[in-house]
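Student: Given the sequences, and given the hints that come with them, work out the whole structure.
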Amino acid sequence: AQKVTQAQTEISVVEKEDVTLDCVYETRDTTYYLFWYKQPPSGELVFLIRRNSFDEQNEISGRYSWNFQKSTSSFNFTITASQVVDSAVYFCALMIPYGGSQGNLIFGKGTKLSVKP
Amino acid sequence: DAGITQSPRHKVTETGTPVTLRCHQTENHRYMYWYRQDPGHGLRLIHYSYGVKDTDKGEVSDGYSVSRSKTEDFLLTLESATSSQTSVYFCAISEGFEQYFGPGTRLTVT
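Chains E and S supply the protein sequences, listed in that same order.
Note that my numbering gives residue 46 to position 46 of the first sequence, counting from 1, and the numbers run on in steps of one.
Note that my numbering gives residue 125 to position 8 of the second sequence, counting from 1, and the numbers run on in steps of one.
Simulated from the structure, these hints should not be mistaken for laboratory data.
Since we're looking at a predicted model, the values are computed, not measured.
For each residue, glycine too, the CB sits at the ideal point set by N, CA and C.
Treat each hint with caution, since some may be false.
[To be verified] Sample of chain E residues at the chain S side, in silico, Cβ under 7 Å:
1. P97
2. G103
3. L105
4. F107
5. K109
6. G110
Tutor: So, in structure tokens, the structure goes:
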């Protein structure tokens, strides 16, 4: 069975601090995708990144960076120099792209990030 | 913008009444999904569709049915709403291996 664990329920930081959100996943499949979504207080779900299981290169997009390590089954998300607008709930998700539940996302329970000015 | 709309955006209904939520997309995506979001659970898949009249169950399908008679519309029906179905419901479409979500419907069953 597949599972995604986000052990940090809530994190609070002061603006300009760096913060890392942890994500650990479980699957026996060798082909899979990992995702991060952002849910700001307004409620919509915003796609941030997709990473496939064969690409362990870290990715950076502005102040956001992602560290994928298959050896520890982790896909962590770091925000550098956090800003108040980063306050949101962040979800990590796993997808197996084939089989009976093809394309279905398995979500972690989310981490609520509060960035204080 | 994946062109996804959901209606209604908010609904309050009484226990035992039928409720239908609508998801509408404008870009001819084949795959569509219904999720529910509850505190402490993240998002969980209810049903999904892989084409017109082709649907299947997700993790939490009990008490829900779906229909897809046109590519652009995916309907979620609660035949007899219960308080445990109070939740925020999200529709999603799949574009490649990425899912994009609608704005959500907040449903309260009293």
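Student: It remains to establish, for every hint, whether it holds in the given structure.
Tutor: Results of checking the hints against the structure:
Interface restraint check: P97 of chain E against chain S, minimum CB-CB distance 6 Å, threshold 7 Å, status holds. The beta carbon of G103 of chain E is positioned within 7 Å of a beta carbon in chain S (closest approach about 5 Å), and the interface hint is therefore held. Satisfaction of the interface hint for L105 of chain E is found here, the shortest Cβ-Cβ separation to chain S being roughly 6 Å, below the 7 Å cut-off. Residue-level restraint check for F107 of chain E holds (minimum Cβ-Cβ distance to chain S is 4 Å; threshold 7 Å).
Hint status for K109 of chain E: holds, given a least beta-carbon distance of 4 Å to chain S, under 7 Å. For G110 of chain E, the shortest C-beta to C-beta distance to chain S is roughly 5 Å, which falls under 7 Å, so the interface hint holds.
The earlier numbered hints are all upheld by this structure, with none contradicted.
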